[in-house]
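Construct all of the structure, not just a fragment, from the sequences and the given hints.
Protein chains in written order, with the numbering used here: chain C, 8 to 268; chain L, 192 to 440.
Any given hint could be a false lead.
To be verified - Examples of chain C residues toward chain L, derived with CB under 8 Å:
id : residue
1  : Thr137
2  : Glu138
3  : Glu144
4  : Thr145
5  : Met146
6  : Ala147
7  : Ser218
8  : Glu239
Since the hints were derived computationally from the structure, they do not count as laboratory data.
Virtual Cβ for every residue (Gly too), placed ideally from N, Cα, C.
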Amino acid sequence: MKTRFLLNPFYLVGRSALDTVAQIGRWGGLAMDTLRALPQVGTWGRLLPGQMARIGVDSVPIALFIAAFTGVVMALQASYTFTGAVPLYFVGTLVGKTMILELGPVLTGLALSGRVGASIAAELGTMRVTEQIDALETMAYDPAAYLVVPRVLAGIIMFPVVVILATATGIAAGWLTSLQLLDMSTPEFMKGLRLFFLPWDVQFAVIKSLSFGLTVTSIGCFFGFTTRGGAEGVGLSTTRAVVVSSMVILVLDAFWAATLL
Amino acid sequence: MSIVLQDVHKAFGSNQVLRGFSLEVHEGETVAIVGQSGTGKSVALKHVVGLLKPDRGEVWVDGVNLGQLAVERLNEIRRHVGYVFQFAALFDSLTIEENVGLGLRRIPEMTEKAMAERVRECLALVELEGYESRFPAELSGGQKKRAGLARAIATQPRYLLYDEPTTGLDPVTTTVINRLIMKTREELKVTTVVITHDMESAYLVADRIGMIHEGVIRFMGTPEEVRACSDPVVRGFIEGKPELLEGAG
Ligand SMILES: Nc1ncnc2c1ncn2[C@@H]1O[C@H](COP(=O)(O)OP(=O)(O)O)[C@@H](O)[C@H]1O
Ligand SMILES: [Mg+2]
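What follows is the structure, encoded as structure tokens:
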């Protein structure tokens, strides 16, 4: 009887909806603690540079790798699609616009949710289950100031930087591909690139990246902080951090497109 | 000043762990709390530093009621309390020196020089000189516990809480830790609570021993009184006879 009740679809849906609401509530709680911890510059200030290096600088290689190959593929697919019906210099337009508006921020965001979000969740999760976070509290440290603030700030500051580098790399890769494989010239590519370019595009990309940096780091911290149980719990938190932050990135992406474009 | 837990109730979901737990530790006294694994010893100890809040009941430390206390006030109290965690809970990303010095950083008038000096003192006390620049992962279990103890005493607390300081250690290291507990108690005159399920340690270090059973202190007395106690639950625990524990209500 009990199992039948537990397998009831209404029960399951209702249950997971309630769980989700409760999770969002707890995330809000951590967000409030984090905001309150912001004035404690003395605690997080000296930890920020290290986190900026770890979250930002160390993420550059993977972000550039992804962007470069995306740039190559986009140039090739654009010329394949245009097949003479559209002037070839539009390859530059397509590569530029999509890299800046969409693929630079989103692909980098998704890659970093795997790299950065997972590592934050695993690190803080381990600290939670080995009582290191409790130890911090007993030593009169605010864990939000010591652990969350430097990571979230580093994410907000460094994601746009990484995204800009990745986007530039993607466009450069598209340009080189156009020269080498599509028999285009540099002026042709540049003409296409400039055609529909707006400075606002870059601002849009930066806003997106900021929000992705906030998403990935705060969700990583959240799942790390709420980890329970031993090694298994840490694994679960890590997976959840990646899945949830990837989903939130995609939802936010649509949200920004709908509201800002 | 002392530690008082009064009628503390604490549940996690449907798991009722503490059911009216009361404990009084007088100034300068060492109390050992013994009891089976999973009976809530660590949960009780975490209430003393406000890591957990009671569902019902009161916790007083240093004459202050921790209930409804603002974080800033709670942190002031925490500065006088050293907590030695069961698995040391050293920060993986910091060296032993940085671990021990972390609490000192919170003291405003502390200079870098005085801090280094105090860290060296504490490491000498636990016989870990020369390990300053090692990371916790490079230490053995016993060394980690000693480093955890050094970290707890660095700020010269007036209260020391030990969560199973000797569990899982070899007999020699156990003796070393027991001696350290007694030494810090003598030298620093601290009020001490030791959680353990090692009766030898409890007899050795404690002025009074309390046994936790089913969420309450079942028996509290001096080592002699514990030895003479006829309660089947207490006898069952100290003699390691589960049948006595089960038969009792
Ligand atoms: N943070 C927590 N969340 C949920 N359950 C907990 C938590 N801490 C302890 N418990 C539960 O409380 C009970 C007592 O745990 P604990 O105090 O660690 O036992 P011990 O006496 O061995 O130290 C256990 O059943 C444990 O699962
Ligand atoms: Mg315990």
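Now the hints, each set against the structure:
no.	hint	in the structure
1	Thr137	holds, 6 Å
2	Glu138	holds, 4 Å
3	Glu144	holds, 6 Å
4	Thr145	holds, 4 Å
5	Met146	holds, 4 Å
6	Ala147	holds, 4 Å
7	Ser218	violated, 28 Å
8	Glu239	violated, 17 Å
In summary, the numbered hints that this structure violates are 7, 8.
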